[in-house]
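Chains as they are written, first to last, in the working numbering: chain A, 1 to 345; chain B, 346 to 690.
Just so you know, the hints here were simulated from the structure itself, not pulled from any lab data.
A quick note: this is a predicted structure, and the numbers were derived from the prediction, not measured.
Virtual Cβ for every residue (Gly too), placed ideally from N, Cα, C.
Treat the hints with care, since some could be wrong.
Distance condition first, Cα-Cα at most 16 Å in a straight line; then the derived EDC-like pairs of lysine to aspartate or glutamate [what the hints assert, rightly or not]:
(1) A:K307 to A:E287
(2) B:K652 to A:E207
(3) A:K307 to B:E632
(4) B:K673 to B:E411
(5) A:K307 to B:E552
(6) B:K570 to A:D230
(7) A:K25 to A:D230
(8) A:K35 to A:E80
(9) B:K380 to B:D457
(10) A:K35 to A:E45
(11) B:K387 to B:D355
(12) B:K652 to A:E140
(13) A:K307 to B:D556
(14) A:K147 to A:E110
(15) A:K259 to A:E287
(16) A:K328 to A:E6
(17) B:K652 to A:E319
(18) A:K307 to A:E281
(19) A:K259 to A:E226
(20) A:K225 to B:E626
(21) B:K470 to B:D553
(22) A:K225 to B:E664
(23) B:K492 to B:E523
(24) B:K570 to A:E281
(25) B:K652 to B:D636
(26) B:K460 to B:E523
(27) A:K307 to A:E319
(28) A:K35 to A:E110
(29) B:K417 to B:D457
(30) A:K125 to A:E6
Incomplete in silico selection of chain B near chain A, CB under 10 Å [claimed, not checked]:
(31) P368
(32) L374
(33) S377
(34) I560
(35) T561
(36) G572
(37) R573
(38) M599
(39) Y605
(40) V629
Given next are the chains, with one letter for each unit.
Number of protein chains: 2
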Amino acid sequence: MFRTIEWMDDANNVRLVDQTKLPLKTEHLIISSHKRMAQAIKTMEIRGAPAIGAAAGMGMALAALESGASTKNELLEFLEHAADTLNTRPTAVNLTWATTRMLNVARAAEGDPNKIVQLLISEAKEIAEEDVRMCRDIGENALRYIKPDFTIQTICNAGSLATVHLGTVGAVVRVAHERYSGRIRVYAAETRPRQQGAKLTVFEMMEDNIDTTLITDGMIGTVFKEGRVDCCVVGADRILRTGHVTNKIGTYTMAITAKYHDIPFYVAAPMSTIDWDTDPENLVIEERNPDEIRVINGTPITVPTAKVYNPAFDTTPPELVTAIITDKGVVELPDEDKMRGLRDC
Amino acid sequence: MFRTIEWMDDANNVRLVDQTKLPLKTEHLIISSHKRMAQAIKTMEIRGAPAIGAAAGMGMALAALESGASTKNELLEFLEHAADTLNTRPTAVNLTWATTRMLNVARAAEGDPNKIVQLLISEAKEIAEEDVRMCRDIGENALRYIKPDFTIQTICNAGSLATVHLGTVGAVVRVAHERYSGRIRVYAAETRPRQQGAKLTVFEMMEDNIDTTLITDGMIGTVFKEGRVDCCVVGADRILRTGHVTNKIGTYTMAITAKYHDIPFYVAAPMSTIDWDTDPENLVIEERNPDEIRVINGTPITVPTAKVYNPAFDTTPPELVTAIITDKGVVELPDEDKMRGLRDC
């Protein structure tokens, strides 16, 4: 199965998918120095918060291998410089979280530097595996809803490419695909303006040999009416304690259309996505650059001065959500009591 | 106001918008020979059934001017050749309809050739004006629903560019805009895959100084929820006697989403769009080339071998339609009895 980033034990280096080339070219980069990893993070050859955390952890392990240190102090000094080098994107909290975690492991370790290097490699792999496990737990928890021969409607990309492996919605699809011997299909909505469905979801599903059909966003009504899909599974950028789900623009329209056709509408996201503080009426939706709509691949598709409304996300109210599926468990027909119940269980 | 094609009385030639250059360049062609008009029709510098009919009529008038005939017989012979030259698109019924109508006028006319030439010019202008009047009648009939300061949600392009002037949905917008001193605004849905909303509707509304905002198809839920539009007005490729409306893909999803928000959903189309024979269960929806979805402006937006579902149209059932607005009158909450009532009144 497709992995966004992976530690290669045989060569002690890192293999990652160059996301700047997708979806037209699948090129893997082999990275064997922390400086090259810093560059990969900076130029977004790897992107997505969990994936970046794993990249930073592996970058620190590479630095440990590079150091050639003969004492623990030499090693620590080298790693502190490496952490600075890897922190190339100031707003990526996973980046500093991962480099700090690696430094703490090195500081706490006893024994000769070679042993500490091995500990650091293990820790980097563990950071990646924790993300994979979280995704897998979401996928396992979804199995109560996803049956063999289901076709799943998705929007945007909540797949492997933002995580180390599997993704969130990606895990729902992949775990079922694995469990049901390939008897799972996907309909991917293009997701204008940025077309992550067409660019990323179609790509990674095809990489994993999952039967995937691309449609444009306006086709969902026809796809639902014709009985082409059994349920929708969407990701979330933020879930409120009330069960309101903020996700990529187009999700709300899909939820309304699913309700009209009595098609179940599931949200798959980790517990860390739940915002326990914000009230629905205080949600602010970011408006993005009009050229995301007006220009595709560098060519205008409308009058270049056209007025545009470009909200990046929308919010689906809980009455349109059949269930929220997290790594910890599920909440059906979500409301504030049930959400708190999941948190406190 | 913006006209797709127009007879210029001062110069006795035809001015039309070169539709192959839209929306990035607004170039008008001045056409003063029937051979050049034939070329314009063939290369789709002008397109859309009603607009092509007008172009053919004006092409015949140009031929009459070119003929230099000194007898009626010479003129008729020249016109018959011209009609053959103009019939460049075999499936365009409006083309032969218009050239035949012009030939019949010439055949029936008495008097010297110069007088007949003037008659033909008048007839060509009349063909165009009939189309304008039909559109205007739709716009007038819509005024009972469209109030000052309304914002109208559209999809695809049912505007001037397929007709001589105004369009169908275009007429609803323009007649109200004219009647209410400009107090009408438009939200235009992009309409993937072919983006006629972005390419054509935005262009022609901006040409007429109508305040227009472009959105992607998935944004309609947010636009409706935020109260940004007062009603939807869509065109129709075919309306069944039951009130089912076949229109550009995305219309059905928009109708469902409008219903959920209690936003009126109007269909604007001429009586000639109504198909009195076909049953809803026998409707066949054309599937088009997958590359309409996979490629935009020559550049792939997904894996080039991605599987695609690309229905060109969808069908909105009558229970989602607030009213059908035709040139003859309106039908609210359409059903078969009311549709027949409109026909027979």
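Quick rundown of the hints versus the structure:
1. A:K307 to A:E287: holds (13 Å)
2. B:K652 to A:E207: Holds - the C-alpha atoms of E207 (chain A) and K652 (chain B) are around 13 Å apart, at most 16 Å.
3. A:K307 to B:E632: violated (32 Å)
4. B:K673 to B:E411: violated (39 Å)
5. A:K307 to B:E552: Status holds; Cα separation ~13 Å.
6. B:K570 to A:D230: violated (26 Å)
7. A:K25 to A:D230: violated (32 Å)
8. A:K35 to A:E80: Since the Cα atoms of K35 (chain A) and E80 (chain A) sit roughly 13 Å apart, the hinted pair holds (cutoff 16 Å).
9. B:K380 to B:D457: Distance ~24 Å between K380 (chain B) and D457 (chain B) Cα, so the pair is violated.
10. A:K35 to A:E45: holds (14 Å)
11. B:K387 to B:D355: violated (27 Å)
12. B:K652 to A:E140: Between K652 (chain B) and E140 (chain A) the Cα gap is close to 28 Å, so the pair fails against 16 Å, i.e. violated.
13. A:K307 to B:D556: holds (8 Å)
14. A:K147 to A:E110: violated (50 Å)
15. A:K259 to A:E287: Distance of about 27 Å is beyond 16 Å: violated.
16. A:K328 to A:E6: Judged against 16 Å, a Cα distance of about 25 Å means the pair is violated.
17. B:K652 to A:E319: violated (33 Å)
18. A:K307 to A:E281: Violated, at roughly 27 Å.
19. A:K259 to A:E226: holds (15 Å)
20. A:K225 to B:E626: holds (13 Å)
21. B:K470 to B:D553: violated (22 Å)
22. A:K225 to B:E664: holds (15 Å)
23. B:K492 to B:E523: Within the cut-off at roughly 12 Å; holds.
24. B:K570 to A:E281: Roughly 13 Å separates the two Cα atoms, so the pair holds.
25. B:K652 to B:D636: holds (10 Å)
26. B:K460 to B:E523: At roughly 37 Å apart (the allowed maximum being 16 Å), E523 (chain B) and K460 (chain B) break the hint.
27. A:K307 to A:E319: violated (33 Å)
28. A:K35 to A:E110: The hint is violated at about 26 Å.
29. B:K417 to B:D457: holds (7 Å)
30. A:K125 to A:E6: holds (8 Å)
31. P368: It holds, given that the least Cβ distance between P368 (chain B) and chain A is near 5 Å, below 10 Å.
32. L374: This hint is violated: L374 (chain B) lies away from chain A, its Cβ roughly 20 Å from the closest one there, beyond 10 Å.
33. S377: Hint violated; S377 (chain B) Cβ to chain A Cβ min 29 Å, cut 10 Å.
34. I560: holds (5 Å)
35. T561: holds (4 Å)
36. G572: With Cβ-Cβ at 13 Å, over 10 Å, it is violated.
37. R573: holds (8 Å)
38. M599: holds (8 Å)
39. Y605: holds (5 Å)
40. V629: violated (13 Å)
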